[in-house]
Amino acid sequence: MQEELHISADRIQISDLTRKNVLLFLEWLQEHRLNGIATRNQRQATINSFVRFLMYEFPEHLDEYQRILGIPVKKVPQKEISYMKTDGIKLLMEQVDHESSNGLRDYVILSLLYTTGLRVSELINIRVKDLSLYAPHTLLVHGKGQKSRYVPLMGNIISPIQKYLARKGYDRQEKLEEWLFTNHMNTQFTRQGINYLVTKYAKSAREINPEIIPKDFSPHKMRHSTAMGLVDSGVDLIYIRDLLGHVSVKTTEVYGKADARRKREAIEAASKEIVPAETAEWDNNTDLKQWLKTFNRR
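Residue numbers (the numbering used here): 13 to 310.
Please note that the accuracy of each hint is not assured.
What the hints assert, rightly or not - Each pair of labels, with its calculated beta carbon distance range:
no., residue 1, residue 2, range
1, 230, 75, 48 to 54 Å
2, 172, 246, 22 to 28 Å
3, 87, 32, 19 to 25 Å
4, 25, 157, 57 to 63 Å
As the list claims (entries may be wrong) - PhoX-like, lysine-lysine: derived pairs with alpha carbons at most 20 Å apart:
no., residue 1, residue 2
5, 233, 156
6, 180, 141
7, 91, 233
8, 141, 187
9, 212, 102
10, 102, 227
11, 233, 212
12, 175, 187
13, 215, 227
14, 141, 175
15, 233, 102
16, 227, 212
17, 141, 159
18, 227, 91
Keep in mind the hints are simulated off the structure, nothing from the lab.
Glycine residues also receive a C-beta, built at the ideal position from the N, C-alpha and C atoms.
Using the sequences and the hints, build the whole thing.
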């Protein structure tokens, strides 16, 4: 208000709260503060809550308040999901020397991230006792909001896990309470530590083949890779929701939409090779073109 209308904060009146001024404020947020659409929408939601309160306190301004509430919320453009396909995951895993102690640990970490779609916070909070390596192989995951879930462990990672447990001495009863993964100081891994580990191997793989390794690959993009890999395999979104620990399937639907968009792009690209673009009927009609040009002279 002070920059645009030269009204200081201590001089703002209820009558200054108009649709025009609210729009000016929202535009100012984007143009001068360089806020994104999501931030603009949050500020607008706060204003709307205040306006609904004022409707009862100052009913004489009801019409103006309704006009403010009628300001449309801007749509946040949906970001393209960045993920790695199976050939990229394979190349990533090949960068790990799983014969060394740290290499075996890193291999198990990357394998669990991809095959289970774990969040980093869930991964670093795994204790030895959370593993069940007897059929059916499962992992107890402690998710968001103190919600726990069981996720299946694929057969091909059981052997590396068992080898890792034996090497760490975690295959003994007294070690059940230990953190499954520890860093070089033998303390619980941090988020930053896992992020460093993933980006290190991704960078190494990208140097070999940048076409199949996304730039700035991260643990969260590994989670996207898990979901998209399951979508590609035809797994129902309900099961993907349960695996990822989403509260609502609406959160998971973004992967289905991304897959549909990707299929459409592939079909359109393929159709261009088969069906040539049609030429408009009037394109070769010189008389019609000449007649249309006469409008420019009038």
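Hints, verified against the model:
1. 230 - 75: 48 to 54 Å: 50 Å, holds
2. 172 - 246: 22 to 28 Å: Given about 27 Å between the Cβ atoms, the range holds.
3. 87 - 32: 19 to 25 Å: 22 Å, holds
4. 25 - 157: 57 to 63 Å: 43 Å, violated
5. 233 - 156: 18 Å, holds
6. 180 - 141: Status holds; Cα separation ~14 Å.
7. 91 - 233: 13 Å, holds
8. 141 - 187: 8 Å, holds
9. 212 - 102: Given that 20 Å is the threshold and the Cα spacing comes to 15 Å, the pair holds.
10. 102 - 227: 16 Å, holds
11. 233 - 212: 14 Å, holds
12. 175 - 187: Roughly 15 Å between the alpha carbons, so the hint for residue 175 and residue 187 holds.
13. 215 - 227: Holds, because 8 Å separates the two Cα atoms, which is no more than 20 Å.
14. 141 - 175: 16 Å, holds
15. 233 - 102: Satisfied, since the Cα-Cα distance of roughly 15 Å is no more than 20 Å.
16. 227 - 212: Holds - the C-alpha atoms of residue 212 and residue 227 are around 12 Å apart, at most 20 Å.
17. 141 - 159: 17 Å, holds
18. 227 - 91: 15 Å, holds
Checked against the numbered hints given earlier, the structure breaks only hint 4 and satisfies all the rest.
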